[in-house]
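Asker: As you go down the protein sequences, you meet chains X and G in turn.
So for the first sequence, numbering that gives the first Met the number 0 puts the first residue at 0; every next one is plus one.
So for the second sequence, numbering that gives the first Met the number 0 puts the first residue at 0; every next one is plus one.
By construction, these hints were calculated from the structure, which means they are not laboratory data.
Please read all numbers here as calculations on a predicted model, not as lab measurements.
One or more of the hints may lead you astray.
[Unchecked claim] The calculated label-pair distances, taken between Cβ atoms and stated as ranges, are:
1. Leu202(X) to Pro177(G): 21 to 27 angstroms
2. Ala289(X) to Glu218(G): 55 to 61 angstroms
3. Gln226(X) to Glu218(G): 58 to 64 angstroms
4. Leu202(X) to His146(G): 24 to 30 angstroms
5. Arg208(G) to Gln145(X): 50 to 56 angstroms
6. His40(G) to Leu202(X): 36 to 42 angstroms
7. Arg156(X) to Pro99(G): 52 to 58 angstroms
8. Gln226(X) to Gln197(G): 54 to 60 angstroms
9. Gln175(G) to Glu159(X): 45 to 51 angstroms
10. Leu58(G) to Thr284(X): 18 to 24 angstroms
11. Ala215(G) to Ser135(X): 27 to 33 angstroms
12. Ser135(X) to Asp213(G): 38 to 44 angstroms
13. Glu216(G) to Arg278(X): 52 to 58 angstroms
14. Arg155(G) to Arg296(X): 41 to 47 angstroms
Glycine included, every Cβ here is placed at the ideal spot set by N, Cα and C.
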Amino acid sequence: MTISVVKPGLFTTVQDLGRYGYAHLGISPAGAADALSLRIANLLVDNDENAPVLEMTLLGTTLAFEDPVIVALTGASCECKLGPDTVPANQAVAIAAGSVLQCGSTTNGARCYLAVQGGFDVPLVMGSASTDVRGSFGGFEGRRLQKGDVLRIGKARKAEPRRLQASTNEGLRWTGPVRVTRGAQCDWFSPDGYAKFLGTSYLVSEQSDRAGLRLQGEAVSPRDKRQLLTDGIPLGAIQVPQDGQPIILFVDQQTTGGYPKIASVIAADMHRIGQLWPRDEVRFTQVSIAEAVEALRAQERWLKGIFAG
Amino acid sequence: MRIIPASDSSLLVEFGAVIAPEIQDQVIGLFHALQAREDAHIRNLHPGYASLLVDFDPLAITHKDVATLVESLVRAGFAKTENDSKVVEMPVCYDAEFGPDLADVATYTRLPAEEVVRLHAGAIYRVCFLGFTAGFAYLGGMPEVLHTPRLATPRRAVAAGSVGIAGGQTGIYPTQTPGGWRLIGRTPLRMFDAQAEQPTRVRAGDRVRFLAIDRAEFERRESA
Numbered sequence: 000m001t002i003s004v005v006k007p008g009l010f011t012t013v014q015d016l017g018r019y020g021y022a023h024l025g026i027s028p029a030g031a032a033d034a035l036s037l038r039i040a041n042l043l044v045d046n047d048e049n050a051p052v053l054e055m056t057l058l059g060t061t062l063a064f065e066d067p068v069i070v071a072l073t074g075a076s077c078e079c080k081l082g083p084d085t086v087p088a089n090q091a092v093a094i095a096a097g098s099v100l101q102c103g104s105t106t107n108g109a110r111c112y113l114a115v116q117g118g119f120d121v122p123l124v125m126g127s128a129s130t131d132v133r134g135s136f137g138g139f140e141g142r143r144l145q146k147g148d149v150l151r152i153g154k155a156r157k158a159e160p161r162r163l164q165a166s167t168n169e170g171l172r173w174t175g176p177v178r179v180t181r182g183a184q185c186d187w188f189s190p191d192g193y194a195k196f197l198g199t200s201y202l203v204s205e206q207s208d209r210a211g212l213r214l215q216g217e218a219v220s221p222r223d224k225r226q227l228l229t230d231g232i233p234l235g236a237i238q239v240p241q242d243g244q245p246i247i248l249f250v251d252q253q254t255t256g257g258y259p260k261i262a263s264v265i266a267a268d269m270h271r272i273g274q275l276w277p278r279d280e281v282r283f284t285q286v287s288i289a290e291a292v293e294a295l296r297a298q299e300r301w302l303k304g305i306f307a308g
Numbered sequence: 000m001r002i003i004p005a006s007d008s009s010l011l012v013e014f015g016a017v018i019a020p021e022i023q024d025q026v027i028g029l030f031h032a033l034q035a036r037e038d039a040h041i042r043n044l045h046p047g048y049a050s051l052l053v054d055f056d057p058l059a060i061t062h063k064d065v066a067t068l069v070e071s072l073v074r075a076g077f078a079k080t081e082n083d084s085k086v087v088e089m090p091v092c093y094d095a096e097f098g099p100d101l102a103d104v105a106t107y108t109r110l111p112a113e114e115v116v117r118l119h120a121g122a123i124y125r126v127c128f129l130g131f132t133a134g135f136a137y138l139g140g141m142p143e144v145l146h147t148p149r150l151a152t153p154r155r156a157v158a159a160g161s162v163g164i165a166g167g168q169t170g171i172y173p174t175q176t177p178g179g180w181r182l183i184g185r186t187p188l189r190m191f192d193a194q195a196e197q198p199t200r201v202r203a204g205d206r207v208r209f210l211a212i213d214r215a216e217f218e219r220r221e222s223a
């Protein structure tokens, strides 16, 4: 069972939920930038939540299917066509052998996910199928997809595709400020500086990728001019270099760094960071650790509840 | 010791705010003690110069659980690990082609280039931690006379195996990446292999000695 890449799109990689347990070797988690959309895509085709999918960025992929297969598209909306027909998102779709699926540009976010029943079959590296682009390993040959690549599909279990409840599509849009908790070096910033950080509407810069999203707006330089000893960086930490422009460190992040970290995006909002694209506006609001963990629990309950039947 | 939340899924355990062997012993000791527990709820451990970041699944365990565990491990104390006796020998060719900044380091430190090489290869270093990128080892213990600031403008591409100096640190680039460290040589050894059972040649806590080799030996080792 194979699928071949007719057009790779702008930046398409194989990802799962990430590679954990190797940060002490300098290895970042990688994994889907919007893990929630990856999980929904896999659940729709009745895969394991962690099955490898394609992550497409801004401009989607054109794929030729040699065999009949069931797929699901989730994440940012993008115009997807099977011949003349539009392929609906957020549901399982049967694709006939010999079809060509054309994914266009995303409209309301940066990334779109394609799951196939059985999952994309790539070798696991350090326990994960995720592509580590900087280290050139994992995923499909350690790199983004190119024209002519042939992807293998894993063996599907006897499975029933699932449907989302009719009302769910509306619930898939998240708005409002991104929630953060205080960063490890939050006290390096003056109360005014921290308030300014929370009060500013930042613009996502063009110099953003899966390793980090650079923000432009009010500068929030630390009052403490000490040099920070390089320390560990949690996923979603927001560091502030000397120029005062914050950077959200993301899934392909460096595992350690020497800039003070003012805040950290909460786990329940991490998927929203994966949908930001250049020139998007982003604001932050502070919550407590308890509120952040409760938001994550609520998200897990929500995910279990959105499937019909 | 200070334990503070670094995010909703992590704690930062700080043992101090300076680079010192006793503090590094604590960092490495706690890192090994937590690693040995093979606790599935602890997802990642990030050692730094004077701290350890503990990343965990907040749906399974709380910040308080992890802090209590860390406190009890620190209270119990850490045994000396086998790493303390291990010295990894790392051949390095200090040719001008591999070390384009060796002349600048010599000028900055007011030492002849041969003396820079002799001092750099003469010391025993400790792997403080791996970070920045897969397999990049931060080595502590460089003689103070060799301290040289990093480049004002980082290079767009530094070759894999390059040995560099940044302030009081020295390290080896495992793969080709951009980088701002002053390059003084290159090792023919492969520092990172994602497919290997042990993906990195060195680990936090290891000790390292550089062995100066000539160009012919570099090429022989590289093709080996």
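Asker: Now tell me if each hint is right for this structure.
Answerer: Going down the list of hints, with the structure as the test:
no. : hint                                       : in the structure
1   : Leu202(X) to Pro177(G): 21 to 27 angstroms : holds, 24 angstroms
2   : Ala289(X) to Glu218(G): 55 to 61 angstroms : holds, 60 angstroms
3   : Gln226(X) to Glu218(G): 58 to 64 angstroms : violated, 40 angstroms
4   : Leu202(X) to His146(G): 24 to 30 angstroms : violated, 39 angstroms
5   : Arg208(G) to Gln145(X): 50 to 56 angstroms : violated, 42 angstroms
6   : His40(G) to Leu202(X): 36 to 42 angstroms  : holds, 37 angstroms
7   : Arg156(X) to Pro99(G): 52 to 58 angstroms  : holds, 56 angstroms
8   : Gln226(X) to Gln197(G): 54 to 60 angstroms : violated, 33 angstroms
9   : Gln175(G) to Glu159(X): 45 to 51 angstroms : holds, 47 angstroms
10  : Leu58(G) to Thr284(X): 18 to 24 angstroms  : holds, 22 angstroms
11  : Ala215(G) to Ser135(X): 27 to 33 angstroms : holds, 29 angstroms
12  : Ser135(X) to Asp213(G): 38 to 44 angstroms : violated, 30 angstroms
13  : Glu216(G) to Arg278(X): 52 to 58 angstroms : holds, 53 angstroms
14  : Arg155(G) to Arg296(X): 41 to 47 angstroms : holds, 45 angstroms
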